[in-house]
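Trainee: Protein sequences, first through last, are from chains A and B.
Every position in the first sequence, counted from 1, becomes a number in our numbering once 10 is added.
Every position in the second sequence, counted from 1, becomes a number in our numbering once 965 is added.
If you are wondering where the hints come from, they were derived from the structure by calculation, not from laboratory data.
Source: prediction; values computed, not measured.
Among these hints, one or two may not hold up.
[What the hints assert, rightly or not] Keeping only pairs whose Cα atoms sit at most 20 Å apart, straight-line, the calculated SDA-like set for lysine to any residue is:
hint, chain 1, residue 1, chain 2, residue 2
1, B, K976, B, L1077
2, A, K63, B, R1064
3, B, K1022, A, G51
4, A, K64, B, L1077
5, A, K63, A, E77
6, A, K64, B, E1065
7, A, K65, A, G51
8, B, K1035, B, A1017
9, A, K65, B, R1064
10, A, K78, A, G52
11, B, K1022, A, E13
12, B, K976, A, I84
13, B, K1022, A, N103
14, B, K976, A, G52
15, A, K64, B, L1004
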Amino acid sequence: KNEVEQSPQNLTAQEGEFITINCSYSVGISALHWLQQHPGGGIVSLFMLSSGKKKHGRLIATINIQEKHSSLHITASHPRDSAVYICARGATNKLIFGTGTLLAVQP
Amino acid sequence: DAGITQSPRYKITETGRQVTLMCHQTWSHSYMFWYRQDLGHGLRLIYYSAAADITDKGEVPDGYVVSRSKTENFPLTLESATRSQTSVYFCAIGGTDYREQFFGPGTRLTVL
């Protein structure tokens, strides 16, 4: 069992829909990271959070430390949001990654 | 971001050959990382380095060698490439605990 679990693994949405991707982890953390990878592209850090909520444009990340759970929300989704979204938990000297959620937003 | 570069971007080699993937940063981050990304496994840490001349194994180090004689460079060597090492390799900097991690563009390696 991976230390960091994401759900769903695959997600297809229509343009404009509200999207939620979930991440659960099994041990206490220092910080939780969300990253984005476009098809054939590089990996970009979206958020790093250790409590509460962060917002950047149409993206919102939340974390519940007690429940060991984080969510990434995308409001008013757009085809350019299609990508793999990866969560990772901070560990001493490194990050532990989930396997990612493949999101496809159809026009 | 141009702060971290990888070369080559694409490489095809044969089983048994030695291959070196280069990673270079311009930001002087202490920590540098090598990952491989395979379908179904996500990102897996191969080796990381906390500073020049300090390296440590990650999750999947077998078959790989690293060195870090200078802060800005972190080469990854496959001493005798195998087909199972066909993958996309990402170098990253920063990103421990409370720090963001920045990734290079990746190197797609095919071992025939």
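Trainee: Taking the numbered hints from earlier one at a time, note which ones the structure violates and give those numbers from smallest to largest.
Mentor: 3, 4, 7, 10, 12 and 15
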